[in-house]
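Dock the two chains into a complex; use the hints.
Now for the letters of each chain:
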Amino acid sequence: QAGLTQPPSVSKGLRQTATLTCTGNSNNVGNQGAAWLQQHQGHPPKLLCYRNNNRPSGISERLSASRSGNTASLTITGLQPEDEADYYCSAWDRSLSAWVFGGGTKLTVL
Amino acid sequence: QVQLVQSGAEVKKPGASVKISCKASGYTFTSHYMHWVRQAPGQGLEWMGIINPGGGSPTYAQKFQGRVTMTRDTSMSTVYMELSSLRSEDTAVYYCAREAGDFDYWGQGTLVTVSS
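In order, the protein sequence lines correspond to chains A and B. Residue numbers 1 to 110, in our numbering, belong to the letters of the first sequence in order. Residue numbers 1 to 116, in our numbering, belong to the letters of the second sequence in order.
Same shape as in the complex, but just chain B (with noise of 0.2 Å):
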């Protein structure tokens, strides 16, 4: 069965950056695009941007261009996000969502805080 594993917990302090995993398994990995989708508590969903694990590049949201950079390892069927200059703003649970047609599968969501 398809499953997005993601990676633990992040506390951070504004001005740094954190990098998140998505690890798939139960499909071929490289056989659809990766979306990254974030959270912020009691907010509703906000799509950071979109990564093919087969290859070229990512497409970001204007919002986070400049902050965000998405990449795979596909020996390791791995997405990864990493976002920089973290404000408080930026404290949220953050999503990889599998694109089968839309958002089809989600991983457990990463809780990323940012406070000093």
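Chain A with its partners taken away, still in its complex shape (with noise of 0.2 Å):
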């Protein structure tokens, strides 16, 4: 099944600002968002936004999302050494009905 596309890695500064972005298509991304998950080596995901760009609570205010046509993205600003880990975007496909991933983004804070 068609995934999502992010990049591979990005890195970025201590209390500097990482955008990571999320590219589907009409009947996933560009239908209803994606939502954005965060996962730490050995440990399960856990969710950062929802499709709506909302926030669960309990997550960060440096964190917020966004959606542009096809292209979702997740801004993380005031970066912390906490905030190395791997991010997952996932969204509802309503051509496969399905769910479906990005291969995720692994973030470096040097």
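Among the clues, some could well be false.
Stated by the list, open to error - Derived DEER-like restraints, expressed as beta-carbon distance ranges:
id, chain 1, residue 1, chain 2, residue 2, range
1, B, Pro41, A, Ser60, 27 to 35 Å
2, B, Gln43, A, Arg55, 24 to 32 Å
3, B, Gly44, A, Arg55, 20 to 28 Å
4, A, Ser97, B, Asp104, 16 to 24 Å
5, B, Ala100, A, Ser97, 16 to 24 Å
6, A, Glu82, B, Ala100, 18 to 26 Å
7, A, Gln41, B, Gly101, 34 to 42 Å
8, A, Thr5, B, Met76, 18 to 26 Å
9, A, Ser68, B, Ala16, 44 to 52 Å
10, A, Ser9, B, Ala40, 12 to 20 Å
11, A, Ser97, B, Lys19, 19 to 27 Å
Honestly, the hints are just simulated from the structure, not real lab data. Built from N, CA and C at the ideal position, the CB exists for glycine as well.
Right under this line is the structure:
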């Protein structure tokens, strides 16, 4: 099944801003947006943002999500060491009648 | 608080089947669908399917059609995922994840190793 496209890696300095992207098509990201998940090594994923760009309770205000056309973005400001993790986007694909994930972006905080 | 607790690691031979459980607590079990997602070593997330604990037929990803079976036991607030005809490529961590708009709570994962 076709997935979403994410850059494999992004590196930014401490306290800088990182913007992660997730590109799909009109049947998934362009239709209902994408959710964002964070995964630290050896742990299950954690939901950071819903497809409607809202954050679950307890998620830092340093994170914000947006969408333009078929591309969703996650912006993390004031990068901290604990932000170093893998980030995945997910979306419902109406043509496949399936959920799809991006391949993940490894964020390195220098 | 919402918790999803999965069964322990499994080691299986090629051709065998594995059945993993996911016990939910902290919310009304039948109010939220449950996903199953897997992650091969060093790889990304792969959606396997979704089941409605309240009833109805599960929906499976095309890739797993014919090999996966998702079931529920409402008396135990538990969902199960059985994968048959295992091969080495099925070696992965398998997760259950609650559906509440998106994958809002995840189990701790169950490592399934397929090896002869």
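Checked hints:
Range check, Pro41/B to Ser60/A: Cβ separation about 29 Å, and the 27 to 35 Å hint holds. Between Gln43/B and Arg55/A, the C-beta spacing of about 27 Å keeps the proposed range 24 to 32 Å intact. Under the hint 20 to 28 Å, the C-beta atoms of Gly44/B and Arg55/A, about 23 Å apart, fit the expected range. Taken as a hint, the range 16 to 24 Å holds for the pair Ser97/A and Asp104/B, whose Cβ atoms sit roughly 21 Å apart.
Separation of Ala100/B from Ser97/A is about 20 Å and conforms to the stated range, judged on CB atoms against 16 to 24 Å. Here the CB-CB span from Glu82/A to Ala100/B is close to 25 Å, well matched to the stated 18 to 26 Å. Hint check: Gln41/A to Gly101/B, Cβ distance near 27 Å, so the stated range 34 to 42 Å is violated. At about 40 Å, the beta-carbon gap between Thr5/A and Met76/B misses the expected band of 18 to 26 Å.
A hinted range of 44 to 52 Å holds for the C-beta pair Ser68/A and Ala16/B, which are about 47 Å apart. Between Ser9/A and Ala40/B, the C-beta spacing of about 19 Å keeps the proposed range 12 to 20 Å intact. Hint check: Ser97/A to Lys19/B, Cβ distance near 25 Å, so the stated range 19 to 27 Å holds.
The structure shown violates the earlier hints numbered 7 and 8.
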